[in-house]
Amino acid sequence: MKDVSSPCEIRSTCPYCGVGCGVILRPDGMGGLTLRGDPDHPANYGRLCSKGSALGETVSLEGRVLAPQVNGQETDWDSALDLVASRFRDTIAAHGPDSVAFYVSGQLLNEDYYVANKLMKGFIGSANIDTNSRLCMASTVAGHKRAFGTDTVPGTYEDLEEADLIVLVGSNLAWCHPVLYQRILAARKERGAKLVVIDPRRTSSCDGAEMHLAIAPGGDVALFNGLLAAIARQGAVDHDFLAHVEGFDAALAAAEAQRLAPTGLSQDEMQAFFDLWIGTEKVVTIFSQGVNQSSSGTDKVNAITNCHLATGRIGKPGLGPFSVTGQPNAMGGREVGGLANMLACHLDLENATHRTAVQGFWDAPTIPQGAGLKAVDMFRAVGEGRIKALWIIHTNPAVSMPDADAVRAAIAGCDFVVVSDITGETDTARLADVLLPASAWAEKEGTVTNSDRTISRQRAALPVPGQARADWDILADVGRRMGWTSAFDFQSTAEIFREYAALSGIAGALGRDFDISGLADLSDSDYEALAPTRWPVSAGKQGGRFFADGKFFHDGGKAKMLALSQRAPVSALDTEHPFRLNTGRLRDQWHTMTRTARSPRLSAHRPEPFVEIHPEDAARLGIGASDLVRLKNATGSAILRARITSAQRPGELFAPMHWTGETGPTARIDALVPAVTDPVSGQPESKAATVSAAKVEAAWYGFAISARALAPRCDYWTVARAGSGWRAELAGFSEIADWEAEARRLFDCPGAEMQSVTDVARGLTRLAFHEDGRLVAALFIAREPVAVMRDYLAHLPGTEAPEAISGRPPADQPDPGPVLCSCFSVGVNTILDAIETQGLRSVDEIGRALQAGTNCGSCKPELAALLERFTTRHAAE
Amino acid sequence: MVGRLVIIGGGMAAGRLLEALADAGSDWKVTLINAEPRGTYNRIMLSPVLAGEKSYPEIVTHDDAWYRARGVACHFGARVTGIDRAAQTVTLASGTAIGYDRLVIATGAMPLIPPMPGADLEGVIAYRDLEDTERMMGLGAGTRAVVIGGGLLGLEAAAGMASRGVSVTVVHRNSHLLDRQLDPAAAGLLQRDLEARGIRVLTSAMTQEIRGEAGQARALVLEDGTELPCDLLVMAAGIRPNIALAEAAGLECARGILVDAQMRSSDPAILAIGECIEFDGQTFGLVAPVFDHALVAADTLLGRRTAYAIKEVSAKLKVTGCDLFSAGDFADLPGRHEIVLNDPLRRRYRRLVIENDRIIGIVLYGDTADGTWFFNMMRDGTEIAPLRDTLIFGPAYQPEQAA
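Chains W and Y, in that order, are what the protein sequence lines are. Using UniProt numbering, the first residue of the first sequence is number 1, and each one after it goes up by one. Using UniProt numbering, the first residue of the second sequence is number 1, and each one after it goes up by one.
Treat the hints with caution; some may be incorrect.
[Stated by the list, open to error] Here are the computed distance ranges between Cβ atoms for each label pair:
| hint | chain 1 | residue 1 | chain 2 | residue 2 | range |
| --- | --- | --- | --- | --- | --- |
| 1 | Y | 175 | W | 736 | 25 to 33 Å |
| 2 | Y | 140 | W | 709 | 24 to 32 Å |
| 3 | Y | 379 | W | 813 | 26 to 34 Å |
| 4 | Y | 180 | W | 783 | 27 to 35 Å |
| 5 | Y | 356 | W | 695 | 23 to 31 Å |
These aren't lab readings, by the way, just hints derived from the structure by calculation. Where is the CB? At the ideal position from N, CA and C, for every residue including glycine.
Same shape as in the complex, but just chain Y:
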């Protein structure tokens, strides 16, 4: 049977799903609907584009020819207004209804915009897509930008703009940058490095309002009264799964669209993958699990039964010269020990959290070349006792048999 498969969303999850189906030679007749006026590109490479280290064409993963060759019907720049589960159709803003036998929702995530006066002013943007990137790239040298959020995305935005001569201030609620990925020591090194490239960093900073002039954002005001003038204000305070369509269609949702291990929503005809889902109480914001979702969904669509399991993931900051690698759990809890390397000389910091002689958390800053080695040991549950004295220095310092 040649079934009709509709995919809503053209992000990296969708791209990976299409590849997997194509590789398997599946005969699903695929329709791809993307709100962005383009197909899939490597969204996580937007930061290098922003920093001027890459150009947009270099990060495109699926061009028109690719879709054509695989018979994918594309609706780019098209917004979906509703899903009719009974009729098994998807309706576009244009009014077009597209029938499906299976539907995959891959709508990704929305930026989290903290509720504050002025958030709707012109000049307040998020950092999600090529348009946002181009807004930032359009700032000239000598202009001023404020970034709200000292997470991965916010810092990449800040570094990218700073590299273009923009005077950037990062405003972060928590007491240290990247608080989900780093411990305070590593964050301190990172902050030092960012400050060294002219980025002003304010931590433990609470935002109050965005002041505007003629509908244009002009300054961010903090609770302590500090006023940070800006020509552009970038919201990078976090993301939330984009579940509006699914909710409207009556699919079971919590923070995200609830899926089972085969990526099926509460409606077996509808799958969901990527940043819009919730599985086992977790939502997702990094590319590795999103790709896993896509592969599991592909198997489900191909009639293979593969069960998704959450894997350890690692995060990297794509700011040239501020390499960091973070994975696992590094909360300070009883029974956990840590091995810490503090090496200002080589501008690096490493922290491994150990529980039962196994790595359960990794923070690397400055020199992340060994990240994968540590990560594999964590993932594999490798017993580290025999290596413990030199573990923190990485594979080059292990006896041959262990390296």
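If we strip away everything but chain W, and leave its shape as in the complex, we get:
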């Protein structure tokens, strides 16, 4: 199976979102690789999104940590792991097993997760292991368990293609799961399925949708209660299926009692949606972070499952509730026990039978009696000194956790912090006492599970650099050094997978859904060749859908409908904090950017963090395009560039979550998110902070390009990859007297030849530095936000570029504008120009003329929006 069409091509899985696309990797023999979508993988059938397409640009060893470090000093593995083992052992001995914790990640493979979970729960004897999936889909896990008795995704990706109606709830699928969105678009083209988007923001996913319901934040439960009431009112209840469901009457009564005002939608809008949903048998309701990241996230999930259960629309082709996860192996983490309230293989910690079975299987000395600390509580315990030894693996909680500044302080104050990562250049890794070099995506072997339960192999295509090691190997080594030699005597991922599959057989025997015991006897070569496989894989069931047969996993075998009523987000708006702050993802960035920020192409889409604000709010606050805006509340503050857009509801703001202390220290947006969680799932309410917003008056604004990495020190800065170097946005609150000295320090070019333009009266300074006839850096300073053609300039470092200092191309040379199509680096201006001069009228015509949108297709919705903008503009003229 390793041989695809060429001996050096390797099938693997993309490390980004939960779609779990197959990729075919081709190492270039020089440490890099090229790749393409795997045409045979059932998640993507060859498609890739912009991020996946650019994976080859992210695998360089730049910034990699290649040797273990203790207190910043390189050391050997024995010293580092002996220290880790002894500090954990000593801490447990002195303060008990609950004084230590692991905070792990959806980046871990099933095998890594399995070892971490086994070590913490079975041998250390605490359940203090939680994964960053807590921030991602814990509400879905809780909602699934409440509705189905276990955390089961009932359907498959094929349902998206067989549906007649797709409803996206709190999901910008076009940007966050682009390949699924492309599959839907293709099916829509073929079959005419309808698309409805329920989202406070008018996102790229809304383009071409039949309906966009700009719901008020927190209004989802009310809306789906309204739908449930309408289902009953319009006689659409499937009474036969209700034989398999408990709680219908109470759920309906609660739904009928629900006020619909909190949706913020008009009666007509809602009725149109109700009619469409009720009138379309084959409906898939997709939900994601807009549902999950909420203090009522679990209720939102169940409000959706209620409607599907009431109509019996579950588990059959083309219909059902469908959760899409954020991380590559969020699903695997759920299955293997990465969450503090799960055991392993969908077994429950609270269930004594389950505990006994797992403890017996592991031959473990101990097993915790109940749930451990979920992420928010875990870091609270770290801050309070109750957790004294913490191991953070492949995640960046100092940025990504709510109340991030407090979390950063908590980690900094913890007695002993171990970080496993591929780079030391993260906000979290910089706080580590012990930094362990882990192997990276393209170097790892193992399995991941995607959003439709398909387990795929991840295969190594590049050699492991330096002293880096696989996570399962590091974890098992620590287990052995802590004294559990035989339990952690793993030699390969295949061996771990077999043990895991065998344990799932016990789960299956105990009546759980997750059973892959059919894979427990895979030989090493079978494991090596394992094709994408949807679970379950057992004697009784192979893949397929769940629940059409009415068999659920609650005691008694029935599903449950929940009686729900809408709750507003916890943070209340007041005069001091009049804006609700939504946070989320961008199309071309991933999490805290440790990988995607290495790609110039991906960085070009949105190179600077920003806050989106409605034009009316901006006008009221005197905020103009490109002004800097300060957001503030009790937990933190941020400074972000204004993007004024009517896609935003008045009174609401949106900011991306990706920027960090490494790339934009004032844009650590989770510093503004309070540590408020859903009471059932423990998932933070990441999209409903309340903040003040005000224009920032800086003394100066700057834009910089540089061939070398640069580390600004001013009051506001962000840095992004660009072309052959970097680009940076800067601003300061106090005047700089000597810009030349400042610039030479910033760019570290004391001897470079300098071009300058000064317009002292305007506060304008431009400096360009050249070495050996090539531009090494340029700095553009103004008293207002700098107006230069950034996307043009960003490509100049490293070239001769004697005219860079002009800040723009000559008038006869077009400015391509911000990159819209990452794959072919096609700019907005180029596209608009072609639309106008070549009379292009469709996304396909744009593709034929400019290639834009013809590779991954992630930009197609934005292309369509440009066409729309153009035709509207002309219609209005």
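Chain W is already provided as a structure; the job is to place chain Y on it using the hints.
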């Protein structure tokens, strides 16, 4: 009435006046008297001739045939000794008296010779005409020349001689070259470029005397004692209007012959144009205003009433590879702002002086292609606020609507 028009001086002002009269088909009967033994040539192209980039015939603008075809009576190589305003005659050194109904004085300017011992030695020349040019062209490689004056003319002379292998030193009183046209930064670039072609430049240098041997200048001595040996010493320390004839004739003069907006002197029968005049307190040394004088004078002679107004002028240095463009006022005064481009990489420098959102001064060095664009904006009083961020880069960097 067919009137008699006499023109004294055959320089570029006179040439332009003759053209304008001819173009208008005027019936003035013209007599042209020129002290040089030739008609009008493009004096400002003497530097390219000196540099060997052009030949004399290429810069002749009016040859004998031209005068013949237009019926101009020419007295070349003839010096005027006096003007009898009462009799309305002009007397030549030969004794010939020529009567006029209208007289135009276009005697141009004289080199300013700083008073110093030895200024009258052989081998001390100015740089005004073809003869001076030929003296410099006659120097062989390996000879030495000193140029006094780091202005446009002096530097062109220096560069021209240097290009012929002459070892040249420029001695300049001010702290930077071209101090009337350039600011110190641009002058520094220029000096660097001149030095790169082997020209020695001494600024803030005060001359003391010219030492000679057997009546021949041999060295310039500076106040600090520096002795600069030379085979030829070129005086290019400036010019002054040549007003001797006018003064002798009792015309009102200050630094130059005072004229009104129609180019009439204090005697309405006598006009004056070119470098010899003074108008509104100003004298003139560049070709553009001189041409304007000629055109206004032509109108006056044709009975049209045109009023002369001083326009912004620009200066260029005709030294190949040292392009500079300078116009307007760039003194550092309150209320003025400047935009400065310092670009050693592209060997260029630009400075715009801005007052009330308008360009009032321009200095370009190294790349002067955009000079006219800036100059037109200055002349037209174009408001530059909308272009300000990219103004200094010239028209190629402006949005289409502005370019």
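Output the numbers, in ascending order, of every earlier hint that fails for this structure. 2
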